[in-house]
Amino acid sequence: MKKNSFFRFFRTREFTVTIILLLLVILFGMTTKNFLNPSNIRNLLLQVSTIGIASIGMTTIIITAGIDVSAGSILGIVAVVAGKTALSGYPIWLIFLLALLVGALLGSLNGFIIGFIGIPPILVTLGTMSFLRAMVYQLLGGKWIGSYPPFPDSFRKVGTGVFYGIPIPVWIMLGLVLIFMYYLRYRPTGRYIYATGNNIEAARVSGISVKKILFFVYILAGMLYGVAGYIMASRTGIVQTNTGAGFELSVIAATVLGGTNILGGEGTVVGSILGALLVAVIKNGMILMNLPALLEGLIVGAIIIGSVIADILKTREGKR
Amino acid sequence: MNRFLDLIAHNRNILMLLLLSLIFLTFTVLVPHFFSMYNVLNMTQYGVEIGLLAFAEALIIISGGGGIDLSVGALLSLTAMIIGVLVGRYGFNIWLAVIVGLGASGLGGALNGFMISFIRIPPLLATLATMYIFDSLALLVSVEPQFGNPMPISKFPDSYFFIGQSTIFGIPFQVLFIFLPIFFILNYYLKSTIYGRFLYAVGINDKAALFSNVPVKKTRFSVYIIGGILVGIAAVIMTSRIASARPDLGLGYNLQAITIAVLGGINIFGGEGDLIGVLISIGIIVVLYNGLQLAGVNAIWQMGTLGIVLIGSAIINYLLSKRKLYVISLKNSK
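Protein sequence lines, in the order shown, are assigned to chains A and B. Quick note on numbering: our numbering labels position 33 of the first sequence as 33, and the sequence is numbered without any gaps. Quick note on numbering: our numbering labels position 320 of the second sequence as 320, and the sequence is numbered without any gaps.
Extracted from the complex, chain A is given alone in its bound form:
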């Protein structure tokens, strides 16, 4: 039994992605001068942190067989709210709470329509994506904030600060990963989330309140986008109408690369973080190797297709 689970580890997506990551790191480390430079690594991790934190939320949603394309717009709204309150001089703990609250509120809007009314997630979140993006514009009045007057230093500290040599957002991401690893694996609600995604009818019949689980998952994800939005505003020091636009697709790509099954019931938080790392390493390495940035989409697209095909081959083998 012990041996069996030992071998199973080598067949997980997390293992495959880690190996690819290591190979890429070696490749970029040898071919480029600056890739292994501590400041480059720090930058890379910093970029991963927002996508990584949001991908924790996306992972729980996709495990329930859902999808959320409104992530970037929710992040945008939170960034605006955080930025505006920071400019008005609110204390940062209050801003942080507000970011969580706004994220949860917007997530609950998705969750309510999806869980209780029963409209497919792709439709609901496409709708809230464009509606909330218009709200971002409305709140900002077409201007950007943060450059003049600049955000207060206390606000910028969370996004730009370093603790034991590692940026604070990365610490936040690591903490959240640990919490959600435990939560999804060992807490009853975590197991209900997997059960709902595996077979929603079976979950309902076994007494799981499926509607509440769906509602809850979108709220949880909204809060995580809230954290990501706060960090984004605090790190970049600027909030504009297109803050977070297109963010959702990077998050979905990272989650799917990490082995979360788009049909639901399968996936881990660690996998998604590794997926986010993989995309970031590729982007970063390409820039350092002076490859045209235009190729990025081509490579990300090819990796998504490759990883899904690998999944399909694996399940076919398993059925045999």
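If you are wondering where the hints come from, they were derived from the structure by calculation, not from laboratory data. All C-beta atoms, glycine included, are put in the ideal place defined by N, C-alpha and C. One or more of the hints may lead you astray.
Stretch by stretch, here's where chain A covers chain B in the computed footprint (C-beta under 8 angstroms, at least three residues) [to be verified]:
#, region
1, 114 to 120
2, 127 to 135
3, 255 to 265
BS3-like, lysine-lysine: derived pairs with alpha carbons at most 27 angstroms apart [to be verified]:
#, chain 1, residue 1, chain 2, residue 2
4, B, K207, B, K191
5, A, K212, B, K207
6, A, K33, A, K84
7, A, K314, B, K217
8, B, K322, B, K207
9, B, K207, A, K314
10, B, K322, A, K211
11, A, K143, A, K157
12, B, K207, B, K218
13, A, K33, A, K283
14, B, K218, A, K314
15, A, K84, A, K143
16, B, K217, B, K207
17, B, K191, B, K217
18, B, K322, B, K191
Position chain B relative to chain A; hints supplied.
Coordinates of chain B only, in the frame set by chain A:
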């Protein structure tokens, strides 16, 4: 009132027509210059391009199996850029370039269709990946060899512009000779040919269709190719109308096309809906856009209202389908 609700439940298109006239009347009263010949014709020109994308999306969603296409916008950009580069940089004959462009868009659709129906990649993922790929290819194609950056192209011959800019008896050429014929052909295809019936059968239940000897894989495959070609035609009309090709031409059209299809009564789970509903819904969206624009509302709110309309129409769809079931159960109990 109940009879009215039953009527709507049985024929959603009546509700849609009511909604369209209501919006049209509101704008006519509230917005000056809305109801003028020039403006109405202008609206139909815009409706053609977004309408062809919506037809593509509608057919793909009807084919079921989670059918959806996130890559239509990117494919539109790619096709437009291919035509533009062949004409503007390599001096191809414009019609040859158009044929190559349409071939490329068909090929793009075939790539989606192949991955979805033969490799069985979920459509959402397959088209998400191809969206990245087509967008990236559109940028690569547009790179100016001398300077090495992506550049738009606006060197089209004058003989090309009649497609998107001319009118016949006051009606835009593309409405009369491209859009309406395509609508009638597709409608005939869906309603009256065996292939159309296959498509609905596959969309409702692909296992049952397979056991009834319907070629499930080929049907799904072909619908993505048709979708790709429709996108290509939209790209031709658009480049001809605005006389230029940009690598971000199709940005944001995915959402709009999906919204129009769903608003038009296409069931997101497949196997249900018709193109007449989609046609009315194209009217609603175009009138809404144009009216808001003339009323001086910022363009971003066009997307915003679109989001509300999308969710609202999905909820109405859901309530109506409940009502339909209720009415059917009443009839059965009698």
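Cross-check of the supplied hints:
1. 114 to 120: holds (count 3)
2. 127 to 135: holds (count 7)
3. 255 to 265: holds (count 4)
4. B:K207 x B:K191: 22 angstroms, holds
5. A:K212 x B:K207: Violated, at about 32 angstroms.
6. A:K33 x A:K84: 41 angstroms, violated
7. A:K314 x B:K217: The hint holds at about 22 angstroms.
8. B:K322 x B:K207: 25 angstroms, holds
9. B:K207 x A:K314: Holds: B:K207 and A:K314 sit about 23 angstroms apart, inside 27 angstroms.
10. B:K322 x A:K211: 18 angstroms, holds
11. A:K143 x A:K157: 24 angstroms, holds
12. B:K207 x B:K218: 14 angstroms, holds
13. A:K33 x A:K283: 16 angstroms, holds
14. B:K218 x A:K314: 25 angstroms, holds
15. A:K84 x A:K143: Given pair A:K84, A:K143 holds - Cα atoms ~12 angstroms apart, limit 27 angstroms.
16. B:K217 x B:K207: 11 angstroms, holds
17. B:K191 x B:K217: At roughly 20 angstroms apart (the allowed maximum being 27 angstroms), B:K217 and B:K191 satisfy the hint.
18. B:K322 x B:K191: Given pair B:K322, B:K191 holds - Cα atoms ~25 angstroms apart, limit 27 angstroms.
The structure shown violates the earlier hints numbered 5 and 6.
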